[in-house]
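There are 2 protein chains.
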Amino acid sequence: MRSFDLRERDVPEPRYGELLVKVRYLSVDPYMRGRMDDADSYAEPWEVGAAMEGAIVGEVVESRSDAYDAGDLVTGNGTWANYSLLDADSVSPVDPSIADLPAYLGVLGMPGRTAYFGLLEVGEPDPGETVVVSGAAGAVGSVVGQIAKMNGCRVVGFAGSDEKVEWLTDDLGFDAGINYKRVDDYRGALDEAAPDGVDVYFDNVGGPITDAVFTKLNVDARVAVCGQIAHYNDEEVPTGPRKLPQLIAPRAKVQGLLVSDFATRFGKASEQLGTWVASGDLAHRESVVDGLENAPDAFLGLFSGDNIGKQVVRVSGR
Amino acid sequence: MRSFDLRERDVPEPRYGELLVKVRYLSVDPYMRGRMDDADSYAEPWEVGAAMEGAIVGEVVESRSDAYDAGDLVTGNGTWANYSLLDADSVSPVDPSIADLPAYLGVLGMPGRTAYFGLLEVGEPDPGETVVVSGAAGAVGSVVGQIAKMNGCRVVGFAGSDEKVEWLTDDLGFDAGINYKRVDDYRGALDEAAPDGVDVYFDNVGGPITDAVFTKLNVDARVAVCGQIAHYNDEEVPTGPRKLPQLIAPRAKVQGLLVSDFATRFGKASEQLGTWVASGDLAHRESVVDGLENAPDAFLGLFSGDNIGKQVVRVSGR
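Heads up: the protein sequence lines correspond to chains V and E, in order. Sequential numbering of the first sequence, starting at 1, is according to the working numbering. Sequential numbering of the second sequence, starting at 319, is according to the working numbering.
If you are wondering where the hints come from, they were derived from the structure by calculation, not from laboratory data. C-beta atoms are modelled at their ideal positions from N, C-alpha and C, and glycine is treated no differently. Be aware that one or more of the hints could be misleading.
[To be verified] Have a look at the derived ranges for each label pair, beta carbon to beta carbon:
| no. | chain 1 | residue 1 | chain 2 | residue 2 | range |
| --- | --- | --- | --- | --- | --- |
| 1 | V | 162 | E | 585 | 54 to 60 Å |
| 2 | V | 303 | E | 514 | 31 to 37 Å |
| 3 | E | 589 | V | 183 | 50 to 56 Å |
| 4 | E | 363 | V | 294 | 56 to 62 Å |
| 5 | V | 234 | E | 356 | 43 to 49 Å |
| 6 | V | 290 | E | 356 | 55 to 61 Å |
| 7 | E | 634 | V | 196 | 45 to 51 Å |
| 8 | V | 219 | E | 526 | 26 to 32 Å |
| 9 | V | 8 | E | 445 | 54 to 60 Å |
| 10 | V | 181 | E | 556 | 23 to 29 Å |
| 11 | V | 44 | E | 612 | 57 to 63 Å |
Same shape as in the complex, but just chain V (with noise of 0.2 Å):
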């Protein structure tokens, strides 16, 4: 079965308020797994045949709007195409001296903004306390460890291989990583490496680490539920230990997170994102494929954890 196909289209005619964008790059993200499911959620299911939807970076050709000039670069949510419609509303400028693009559908896009309100919002980390990421290694993850280790915690993330953690340990600050995937005892990795307890869990993932690190929450813990990719791909309801027997005796509030809760403060946010990634208080990394046509592969790679950092696919230009 054929799941993606490359199809041959016109170039699109913006109208009034529209901006033709040339796509530099574009981006592949777990959450769209969900799209593809027939169900309702909060983000609408796509349409068999229709164009791939995400965000992506790209250099405005033709701008029917005031707002913007052929030659700037912007990023919003367009299409998975060498050339794409925008609206020039929902679009933000992007400034190249602060970051190269693919940071600005990264730590400078949805990924990092999801970190900072997930993190601070749902999260709620006091200095002092212990932070846990699963996916931390990622888009989100990455984002999450380092903002918490700003705000005085001490940080452990889970990755899928020594090269991640490495990266989590060596150049992003964590106290400790864990690769989970030459780990067997979860439990026993948790207890040298958060030792007096969770006090926050950023999960991304689910399955058995997420089961591992609910038998370490402490009294008031929160947990930040952002993404579950271990189950995204699951044909049945998955199973597992039930955990609401788990937060009775430490109060554990464990919330769902979807950042477009937060819109009305994205503007805020992203200022905030950009000074630390300008600063170099805020390390980001991306994983670049090239070409439209393996759009898809790279997509597929986020289940089997192919990425360190953002998952970007190159369509054009450097």
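Using the hints, position chain E against chain V.
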């Protein structure tokens, strides 16, 4: 194996600041099951051989405190015994003109306060919202549902007999009740009883009822995890459908609840609950087992749902 034993001891002598109380009623509560395991939790494990402890109502027979005289009725934490020593600082007066003594172990005791704070502070129900309660005919659940009704909510309760369900809908004003021992399809039953989905779930039970409710959570739903009685006697860590993936789209919040966290405001809650009981706005019911020697059976009966409303044991008096 014999788990409970009745032993004769000398009536103890109160020391300065203590009251010798003739126990009239004692409380059996599901949380006591946790204290029978040798595991760290919010309540210390009981020592084998020591007297069972819990809430009692009784009459002061000897006072070494200026705050109470012989003949006063009080409630506090004592032992499962004919006579119990209590610190005068830790007891509350009982006013039999507001309600009969057993009510001070239920609606006017810890269960009532648990319902009050759990619903209002964790569940945070708004008028027009749908509140679902499991264990709805129990000491906590029956109060939760009535306070939710006072707050203008649609209220649906799960209970384990037709008699219980009738009590909920005919006497307590619940909008719908589901006898989970007669219905197989809990989701289908919820489609009918909670057609607009679930905004607040007050969970006393866990298990398949909870599994069904989690599939119906609305955006911004709140779940107060008060008890998980279905799992207290599990020998192994119980498994079930994973719930974290279900929290993301609705951004639902799930929080463990211990009433002791609200201790500084117990006075205000008790006053409010007393006012509602005195005015008849808050109905209550107690199931009474006679005789100290039958306290173990009364306790075990909680796990088969023998009680309607609050289960108490009459130790002496009427």
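Verification of the supplied hints:
1. V:162 x E:585: 54 to 60 Å: holds (57 Å)
2. V:303 x E:514: 31 to 37 Å: With Cβ atoms ~35 Å apart, the hint holds.
3. E:589 x V:183: 50 to 56 Å: This hint holds: roughly 54 Å between Cβ atoms.
4. E:363 x V:294: 56 to 62 Å: holds (58 Å)
5. V:234 x E:356: 43 to 49 Å: violated (36 Å)
6. V:290 x E:356: 55 to 61 Å: Since the Cβ atoms of residue 290 of chain V and residue 356 of chain E sit about 59 Å apart, the hinted range of 55 to 61 Å holds.
7. E:634 x V:196: 45 to 51 Å: At 48 Å between Cβs, range holds.
8. V:219 x E:526: 26 to 32 Å: Holds - the Cβ-Cβ distance for residue 219 of chain V and residue 526 of chain E, about 29 Å, lies within 26 to 32 Å.
9. V:8 x E:445: 54 to 60 Å: Taking Cβ atoms as reference, residue 8 of chain V and residue 445 of chain E lie about 56 Å apart, which means the hint holds.
10. V:181 x E:556: 23 to 29 Å: At roughly 28 Å between Cβ atoms, residue 556 of chain E and residue 181 of chain V fall inside 23 to 29 Å, so the hint holds.
11. V:44 x E:612: 57 to 63 Å: holds (60 Å)
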